[in-house]
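Below are the chains, spelled out letter by letter.
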Amino acid sequence: MTGRISSPDELKQARTSLEQARESARDIITVCTGPGCVASGAGEVADAFRAQIKEQGLEDRVTFRCTGCHGFCALAPVVTIDPAGICYGGVKPADVPTILERTVGAGEIIDRLVYTHPDTGQPVPYEKDIPFYKHQDRLLLEENRRIDPESIDDFFVLGGYEALARVLTDMDPEAVVQEILDSGLRGRGGAGFPTGRKWSICRQNPGEPKYIVCNADEGDPGAFMDRGILEGNPHRVIEGMCIGAYAIGASEGFVYVRHEYPIAVRNITRAVEQAREAGLLGEGILGSGFAFDLKVVMGAGAFVCGEETALIASLEGRTGEPKQRPPFPAQSGYRNKPTVINNVETWASVPHIITRGAGWFSSIGSEGSKGTKIFSLVGKVENTGLVEVPMGTTIRQLVYDIGGGIPNGKEFKGIQTGGPAGGCLPAELMDLPIDFEALAEAGTIMGSGGMIVMDESTCMVDIARYFTRFLEQESCGKCYSCRKGTQRMREILDDICEGRGTLEQLELLEELGHTVNEASMCGLGQNAANPVLSTLRYFRDEYEAHITERRCPAGVCTTLIRYQIQESLCDGCHACFKVCPADAISGEKDAVHVIDPDVCIKCGACLEVCPQGAISVVSGGGE
Amino acid sequence: MSSASSTDRTAVSNPAADIEDMKAKVDAVLEDHRHDRGELIAILLDTQDILGYLPVPAMKYIAERLNIPPIDIFGTATFYRSFKLNPPGRHTCTICMGTACHVRGGPQVLKEFERQLGICAGQTTPDREYELETVACVGACAMGPLVLIDGEYHGNMSSRKVPRLLRRLDRERAEETQ
Chain A
2 MTGRISSPDE LKQARTSLEQ ARESARDIIT VCTGPGCVAS GAGEVADAFR
52 AQIKEQGLED RVTFRCTGCH GFCALAPVVT IDPAGICYGG VKPADVPTIL
102 ERTVGAGEII DRLVYTHPDT GQPVPYEKDI PFYKHQDRLL LEENRRIDPE
152 SIDDFFVLGG YEALARVLTD MDPEAVVQEI LDSGLRGRGG AGFPTGRKWS
202 ICRQNPGEPK YIVCNADEGD PGAFMDRGIL EGNPHRVIEG MCIGAYAIGA
252 SEGFVYVRHE YPIAVRNITR AVEQAREAGL LGEGILGSGF AFDLKVVMGA
302 GAFVCGEETA LIASLEGRTG EPKQRPPFPA QSGYRNKPTV INNVETWASV
352 PHIITRGAGW FSSIGSEGSK GTKIFSLVGK VENTGLVEVP MGTTIRQLVY
402 DIGGGIPNGK EFKGIQTGGP AGGCLPAELM DLPIDFEALA EAGTIMGSGG
452 MIVMDESTCM VDIARYFTRF LEQESCGKCY SCRKGTQRMR EILDDICEGR
502 GTLEQLELLE ELGHTVNEAS MCGLGQNAAN PVLSTLRYFR DEYEAHITER
552 RCPAGVCTTL IRYQIQESLC DGCHACFKVC PADAISGEKD AVHVIDPDVC
602 IKCGACLEVC PQGAISVVSG GGE
Chain B
10 MSSASSTDRT AVSNPAADIE DMKAKVDAVL EDHRHDRGEL IAILLDTQDI
60 LGYLPVPAMK YIAERLNIPP IDIFGTATFY RSFKLNPPGR HTCTICMGTA
110 CHVRGGPQVL KEFERQLGIC AGQTTPDREY ELETVACVGA CAMGPLVLID
160 GEYHGNMSSR KVPRLLRRLD RERAEETQ
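Protein chains in written order, with this note's numbering: chain A, 2 to 624; chain B, 10 to 187.
These are calculated hints, taken from the structure and not from any lab test. The structure presented is a predicted model; accordingly, all values stated were derived computationally and were not measured. Careful, some of the hints might be misleading.
Said to hold, decoys possible - With a straight-line cut-off of 25 angstroms between C-alpha atoms, the simulated BS3-like cross-links for lysine-lysine are:
#1 B:Lys170 - A:Lys93
#2 A:Lys296 - A:Lys338
#3 B:Lys69 - B:Lys32
#4 B:Lys170 - A:Lys579
#5 B:Lys170 - A:Lys411
#6 B:Lys69 - B:Lys120
#7 B:Lys120 - A:Lys579
Stated by the list, open to error - To spell it out: a stretch of chain A is covered by chain B in this simulated footprint if at least three of its residues, at any positions, have a beta carbon under 8 angstroms from a beta carbon of chain B; those stretches are:
#8 35-45
#9 316-326
Think of the CB as a built atom: it goes at the ideal place given N, C-alpha and C, for glycine as much as any other residue.
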């Protein structure tokens, strides 16, 4: 590893000598070890590569690297081979010798490991041609696959910490704040507050010392953007924070990261130590008079701690209850001192803005929302994964061009943006541009970037109940409106999902929702009714079907559905009989089977095994 | 996910010695954190890592050593999801309740685990073999519905696959004890 670097010139020299040392480097094999790939066996694949490279004596010819998330989780485990830019998916340890022999050795493409284009049926060997990647603009995520998060040298080769060097030599703190203001960067954590303005307020506030915090308490279920960056590119976040600290005049900072992300905790902790050893954190950074140090602090699993005043309470070792704002943390935060809290993605964007300029950044995106944004595209979508697109990209582009549409020929029904406190948008709004204003107008929020795709088999009342229950559990309990309001809304949703609902309850639900959003203090409570209000706005007919017809159109709400075997299709194969955990199915082999609705627990196991497709879910009247 | 590997499960033989042992371990944790009340969450996380959960005597002892009211400890320990106030099971079944898993049938998987184990989420079987817990999201959404058994991922789950998975675990356990 490169030793201590005591000036910007030394940083440049370090990069040059690393580049020279690597010039002879040949094929670079990369295994994605993001959460999706690891869950699919990437660890074993990586072990196989290490062993085989050694066994075949390829150490001099091949650079091998495990990296953070590449994004295309649906293809997991993902292996890439550079400089050719080949992308293999679904790789197993047994494929490793073949890859080394044929692709690395002979430059051949192994068709069976290559992504198949869904429209043409043709293999697409190169990453840049795969539709999932082709339609993205991967400013932050693209770096993930080029660095081993354990190696600060890899980061130097990317030009890491050069934005910091530039700031320390050429810019005074005001100029840095101005650059961020001019770039139009807005907070990526949810509320979208202009980052430069936050910095400026904090800088001008007289309190000393000042603090900065990286909010990595990513609590939205179905969202893992911050995890992707923190695990894959921790030094970019540190560099952004150093620049922020210089601009604001802070000497101490914190990375507040979820305890549930052990790899992110490990990688950022290691990176902080490396940066300290290299003289990029601590006293006299890069030989300048600037001193700044970072501490990694673990959260303990409370969704509300993503709210900045609650996060501060948690940093101070207390229960994460939000406080009334103002004063804003930028005026009075950690230990009642001016504190800037920005999200992981926001910090990671900062060095790029310094390097490439505010003008470049503000040329990307839409009128009020600049730059690119990472989304976690999950749910009923073909290509699950992390995607990065310019702000203002439409939902249709995200779901179809990048996401590859809805699997199993089902119909797109809606999309939940902004996490649990976001809202559900219907298919009709598919051409809505994704930016802060457009989403707010449609009744949802940008949030931190979760995008959950739903198809015709998703029940919107059930989804509203799911999110409301989550918020009920995560409400800190300080505001009555949020604590009790989420509970009452969830109880009404229970009634509706279980066939006890009344039409009057819909009005009550709406009224309650507005009260919760208006009367609560923090961002959690103020958005807690969004799932209910947005589904009522766009999917009211589904609520009404549950109430007036006692029918769940999507076939999800168990009280309102029955499993049925269609006589004409059943060939008596006995598969459902064998798999039923409740012994609710009767019938002799080769004869038509019957489900006893009183015994059936509606687990869906029979539906899954029936080779004839004879089992169906029915809901509502008509026997 | 699970901290089972670092958990001390020595049999309860001498309660007084156990208490002394616990105190020594907690003292070491407090030392690591310079008895700083501001680091309470980290102190509790580390204590839980070592003891497997947060026993009431340990919480009281931490309060005493930090010179703060026990309610501050209980308040914090019950506020955050990561803290366990009951002894963990030997095996932890973690069911992901993330949104992506939910729309793909996660609730049915949880229900089947509850049925098979005869306990509800958050509980441990009477023989302390299995502990059933839910997690808001583990971020491996492409594989949902997802279940973790002792930290090992099992993707694309369905209620049908639950009994098979548990039977396999039972078999492995039987082999271990032989």
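Okay, which hints does this one fail, numbers in order? Hint check: 6 fails alone, others pass.
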